[in-house]
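Listed here are the chains, written in short residue letters.
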Amino acid sequence: MLGALFYILIFPGFLFLVFSGLTAEFIDRKIYARLQNRVGPPWFQAYADFIKLLAKEDIVPAESNPKMFKVAPVFALTAAITAFLYIPLWGKEALLSFNGDVIIVLYLLTLPTLAFFIGGWYSTSLYSRLGAVRSLMQLFAYEVPLFMGILASALLADTWSLKEMVVFYTAHPWFWMFNLMGFAISLVSLLGKLEKVPFDIPEAETEVVAGGFTEYSGRMLAYLRLTLDVEMVVGSSLLALVFFPFGLNLGPLPGFLLFLLKVLFIIGLISLLRTVVARLRIDQMINFCWKYLVPLALLQILFNLILKGTLLR
Amino acid sequence: MHDSKDFKIPIGPQHPALKEPEGFSVALKGEKILGVDIRLGYNHRGIEKAAEERTYVQDIYLIERVCGICSHSHSTCFVQAVEEIAGLAVPNRALYIRTIIAELERIHSHLLWLGVAGHEIGFDTLLMYSWRDREVVMDILAAITGNRVNYGMNTIGGVRRDIDAQQAEDILKALTILEERTKYYIEVATQETTIIKRLSGVGVLSREDVLRLDAVGPTARASGVKRDVRADDPYAAYAELSFEVITDDHADVYGRTVVRVKELMESYKIIRQALKNLPTGLLTVRAPRKIPVGEAISRYEAPRGEDVHYVKSNGTEKPERVKIRAPTLANVQAVKHMLRDRYLADMPIVVAAIDPCFSCTDRTVALKEEDCARAKVINWQALHAFGIEWYKQQGIDFTELNKKLQDRLKG
Numbered sequence: 332m333l334g335a336l337f338y339i340l341i342f343p344g345f346l347f348l349v350f351s352g353l354t355a356e357f358i359d360r361k362i363y364a365r366l367q368n369r370v371g372p373p374w375f376q377a378y379a380d381f382i383k384l385l386a387k388e389d390i391v392p393a394e395s396n397p398k399m400f401k402v403a404p405v406f407a408l409t410a411a412i413t414a415f416l417y418i419p420l421w422g423k424e425a426l427l428s429f430n431g432d433v434i435i436v437l438y439l440l441t442l443p444t445l446a447f448f449i450g451g452w453y454s455t456s457l458y459s460r461l462g463a464v465r466s467l468m469q470l471f472a473y474e475v476p477l478f479m480g481i482l483a484s485a486l487l488a489d490t491w492s493l494k495e496m497v498v499f500y501t502a503h504p505w506f507w508m509f510n511l512m513g514f515a516i517s518l519v520s521l522l523g524k525l526e527k528v529p530f531d532i533p534e535a536e537t538e539v540v541a542g543g544f545t546e547y548s549g550r551m552l553a554y555l556r557l558t559l560d561v562e563m564v565v566g567s568s569l570l571a572l573v574f575f576p577f578g579l580n581l582g583p584l585p586g587f588l589l590f591l592l593k594v595l596f597i598i599g600l601i602s603l604l605r606t607v608v609a610r611l612r613i614d615q616m617i618n619f620c621w622k623y624l625v626p627l628a629l630l631q632i633l634f635n636l637i638l639k640g641t642l643l644r
Numbered sequence: 029m030h031d032s033k034d035f036k037i038p039i040g041p042q043h044p045a046l047k048e049p050e051g052f053s054v055a056l057k058g059e060k061i062l063g064v065d066i067r068l069g070y071n072h073r074g075i076e077k078a079a080e081e082r083t084y085v086q087d088i089y090l091i092e093r094v095c096g097i098c099s100h101s102h103s104t105c106f107v108q109a110v111e112e113i114a115g116l117a118v119p120n121r122a123l124y125i126r127t128i129i130a131e132l133e134r135i136h137s138h139l140l141w142l143g144v145a146g147h148e149i150g151f152d153t154l155l156m157y158s159w160r161d162r163e164v165v166m167d168i169l170a171a172i173t174g175n176r177v178n179y180g181m182n183t184i185g186g187v188r189r190d191i192d193a194q195q196a197e198d199i200l201k202a203l204t205i206l207e208e209r210t211k212y213y214i215e216v217a218t219q220e221t222t223i224i225k226r227l228s229g230v231g232v233l234s235r236e237d238v239l240r241l242d243a244v245g246p247t248a249r250a251s252g253v254k255r256d257v258r259a260d261d262p263y264a265a266y267a268e269l270s271f272e273v274i275t276d277d278h279a280d281v282y283g284r285t286v287v288r289v290k291e292l293m294e295s296y297k298i299i300r301q302a303l304k305n306l307p308t309g310l311l312t313v314r315a316p317r318k319i320p321v322g323e324a325i326s327r328y329e330a331p332r333g334e335d336v337h338y339v340k341s342n343g344t345e346k347p348e349r350v351k352i353r354a355p356t357l358a359n360v361q362a363v364k365h366m367l368r369d370r371y372l373a374d375m376p377i378v379v380a381a382i383d384p385c386f387s388c389t390d391r392t393v394a395l396k397e398e399d400c401a402r403a404k405v406i407n408w409q410a411l412h413a414f415g416i417e418w419y420k421q422q423g424i425d426f427t428e429l430n431k432k433l434q435d436r437l438k439g
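So the sequence lines, in the order shown, correspond to chains R and Y.
Residue numbering for the first sequence follows this note's numbering, beginning at 332 and increasing consecutively.
Residue numbering for the second sequence follows this note's numbering, beginning at 29 and increasing consecutively.
It cannot be assumed that every hint is accurate.
To give an idea of the chain Y side of the interface with chain R (calculated C-beta under 8 angstroms), a few residues [claimed, not checked]: (1) 43; (2) 44; (3) 75; (4) 149; (5) 150; (6) 157; (7) 223; (8) 225; (9) 375.
Everything labelled a hint here was simulated from the structure, so no lab data went into it.
Beta carbons are placed, not taken as given, at the ideal position from N, Cα and C, and that holds for glycine.
Just chain Y, same shape as in the assembly (with noise of 0.2 angstroms):
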């Protein structure tokens, strides 16, 4: 916390530069930044608890719902985490078939980063473009899997729909738009001046930063920090196909756009030899419905990075315990030491830099040592009572506006 002389500013949780709630309070001197702190919190869902209290089935669908954009990242790292535990040896047709949706994801979620960080900056022309070609890769999706987002693609052992050979083509079409256009966007990313002006030097992480902080997926990448678990610990079917893994050198806001912008013309290539090596075979095999006393950690590198999920089962059909670690989480440290001594303007473009997911990120950690001070169990009343007087020291008030309203109910 800074000195409360300092002029702060508070950037959410309702803000026009943050799609989702979370709270950044900026302390500035002038334009600049003298430091952030960051609150989530304000999305927690309980999806981990919920997990908990349904069957390996239907969590599958709650845990595609931990984030709208990267679903099929979550419900493939949490069914591998299952499958693990039972032993399932998943038959190699389904194995690329989720490779190709998660490949045909991260297109849409790169694209999409490319049309926020554009309008983060206020070239909404780059957000209207990118999101149009973005919808390209959508229909896509959409016609193989039956929604734009949540495909409902995985299930233990397998996937449920198949790709026939019209959708194959079909998707090479998309593929050859798509991969114009991402030649176009690359010539934008590193010719035009003033995104140029406003992405280079702005939001340093040095290599030993991101070793430090641990960052993960195109932030580390973005500073030359070879990290990719499609590379390191291959899953579905990523051992069996070559691709490269996009690093860059610049270590600022730029070299982040540099990488994805590269990375999709790896996904483009990944796509193409999937597609052209599809095995024939099932497309899933049998699980059961208990799944078998174990543990296991699943990784999965996210359009936004590692992605972890942990399951324990006890031997029922619903599982012990149910971790996820959503890539924003290991990056979003690094947000604070990369706005230090900038400008405020730069603060929604480095926020934005690191793809941020809050939603998908709230977690509650409960700590359960005896001499943790902080740690006890208040009720509703307390915690009611608890909020008012947090916000109060925020300075925000309302028992003004609160009297005035049971004036008015009243009158």
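Excised from the complex, chain R in its bound form (with noise of 0.2 angstroms):
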């Protein structure tokens, strides 16, 4: 019980993820203030940001659904968080697994969106309903090729469960190289999930201010910005236990260095993407995705078929 409560509240679970979302948060602004040229903002700055946000006064406006208003902060940050107890950290052991969880994973990173939108909604503001509507319009386009991607991942390993994915790609080394398309398809497609640029749509400043989050504030405004970081981290660890699932029988200090540095990888990779692209248009980002990543997304499920027949045969 107590060890239960161990891994929910600290490690792996809430504490963890707080502290490790929010300097992934500082990480990837410092790498995209270096990228401009500017100093970027110190260590603490997200700690800081957020700490202030928790003593700032909750406003919630007259005319929204103050109930729905108020649980979808919550309701987002929960699903993210419980979705990092499914993925192995090191080595091949989960907290939670049994066969299908990389669905319940891929299910659960959903859920905040929909949160977003919900929050949005019964804000009734004008810009919240605008951006709630296409951050729920830009899930439609990237979930498919992020599905696509990482089910490709589990196509080739013939298996639902992240447990026996590793299993299958400690086996067979290098087979993760077969799938580096599909790394490059989600990782474009967890842009869209975290509202990154050049899919930052919903929250498009100079348009619909800050769209869903707009009429939020003081506590619940700190967990839905905490929910994008925990989604952050969440998402990389996702994409790097299924795409570099290399050096996991490493055991636990030196593995979980390495899936540190994997991490860390990605979350690069997202603010290097962010900085050198401009954002799109919701009908752009519609069309490019449906367009390019899905094509793209099958094209890679075909090659890992193939490969079944052939090499694994």
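Since each chain comes alone in its own frame, lean on the hints to assemble the complex.
Below, the structure is given as structure tokens:
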């Protein structure tokens, strides 16, 4: 009982995720700033922002539906944190595991976006509603290539369980190289999930102020921002596990360090990508996802099927 | 105005996309724009009236503050009109120095615009880069004039400061850096896929529309209309300098970007020539305190387009009337046209593409005709009540909040 509580609340659960999420935000912002020729924030900036927001007044708009408005951020954060419990950090064991947990993780990662939609919609502000609709519209575009990219890797391993995927890729070292295209697709889709440039359309500052987050303040805004940070860590961890499944039998400490390196690499890629591009329009974004990402993901699946039929026979 | 059933979203008077308060009421259907109502007037400062109550010399500094970016443009335009009325022959060296400052100002304005445009399409890296490089020209301007903006270089009959050999050398050095950076920006603007995707085909304004709506500056030139006061009606030293009027056929925001970055290259060319041929001689001629009776219109190609000043003098030391037409006023009508059937996401960049400066534009127009039914004089209380009523119609009602505030103040 005590052990389970420790896992859920401290490591690798809530507390660890809060810290790693905020650190990830700092790393992302620092890299972004350095690439833009700026100094960037100090290491404690994300923590300071978070603590400051926690201390601020919560304002609930009179026109909003207070219940939905207040529940959405907590719901989003919980879903993002729960997803992490299914991901093996080092070695082959995750805290929770069963056959089909890949789907569960992806499902749990979808929930925050839905929560953003609900929160934005029930804020009843014009900007929030536009942002909310946009985030839902975007969801239908990036979610499919993300699922296909990750499931292509699972397909090769012939399992729906993250644990067994690890077992497979440890038994067949170098096989992860076949999934690199899937990694690229998933990484781009992840940008959409994290609402980062070029897919920060739902919160495009110059169009809809802060989108679904416009009416949020204080603690609830802090949770929403934390959700995005946690999502970044969870998403990067998932990508690291699915697409770079090597060095997983090194033991706890080196294994954990290697895991951190992989996540840092992915966060670095995210920062780099959002530095070098402009924000797309929603129609362009949907076109891009369905015209390029989905066919490429299909190609990856086809490739993996052929591999299974030849190499693994 | 549109049907009240439409989904209407207010962009402004306070909105992150806008750097100055102005109101756009955008009627939307999904993400598509059905129509836009533009409302100016949040920034009216009564500068024209204030100018009538000051002497000509004081007015130079007042009018320089019409705009924070093209301050030299407005003061030169005003000074030119006054000089024309007074019949002053401005020394050649002064004209050249005015030209150099004018072009340096164009460089800093266009680099600023490039950054703003980047920000509006969510490309903050471009903003950070171009504003960093803008510092080079800002430093040069500060070194020559003593200020980063509002240079105070003009006076009636000439300029107030000289450019010495050392400063000329510094300018040339800065130009080398800037030229290299500008070449890079031309490359970025014409090759980066997401930029092209966001800019091309957006905010189209055909050649006919430019002529019909009288757009000016880069907005007009991007639609292939060769309209540039520097070439059409040369002032200062432009008649003696050779440069090209940059035009483009894209007729959209992308074309406006290309025109602006290419104009930067022309500005470097102009400054180099002006520095090379800088004539020797006086900086200023003595101007009379009282300007003789007369009137004049002066035109000037500000970075944003044609700036027009009208000055009427009555023989005293104060002008009788000063009228300023900032370039944005000519272009703002085109925005409505450009936004037709576009997406909401295009709104910020289309507005930004005319390089708007709303506080420069805000003027009051009083209609004096007898049959104009709307013209009436109302007192302060009536105006106050009218304001409350007007905002109520827009859906903004402060009565409840006011009551709460009153209660709180009592309790």
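Results of checking the hints against the structure:
1. Checking residue 43(Y) against chain R: minimum C-beta separation of about 7 angstroms stays under 8 angstroms; hint holds.
2. Checking residue 44(Y) against chain R: minimum C-beta separation of about 5 angstroms stays under 8 angstroms; hint holds.
3. Checking residue 75(Y) against chain R by beta carbon gives a least distance of about 29 angstroms; that is not within 8 angstroms, so the hint is violated.
4. Annotation: residue 149(Y) was flagged as interfacial toward chain R, and the flag holds, the nearest CB pair being 5 angstroms apart, inside 8 angstroms.
5. Against a cut-off of 8 angstroms between C-beta atoms, the interface hint on residue 150(Y) holds, since the closest Cβ of chain R lies about 3 angstroms away.
6. The interface hint given for residue 157(Y) is met, as the beta carbon of that residue sits about 7 angstroms from the closest beta carbon of chain R, less than 8 angstroms.
7. The beta carbon of residue 223(Y) comes within 5 angstroms of a beta carbon in chain R, closer than 8 angstroms, and the hint placing it at the interface holds.
8. Checking residue 225(Y) against chain R: minimum C-beta separation of about 6 angstroms stays under 8 angstroms; hint holds.
9. The beta carbon of residue 375(Y) comes within 7 angstroms of a beta carbon in chain R, closer than 8 angstroms, and the hint placing it at the interface holds.
Comparing the model with each earlier hint shows a violation of hint 3 alone; every other hint is respected.
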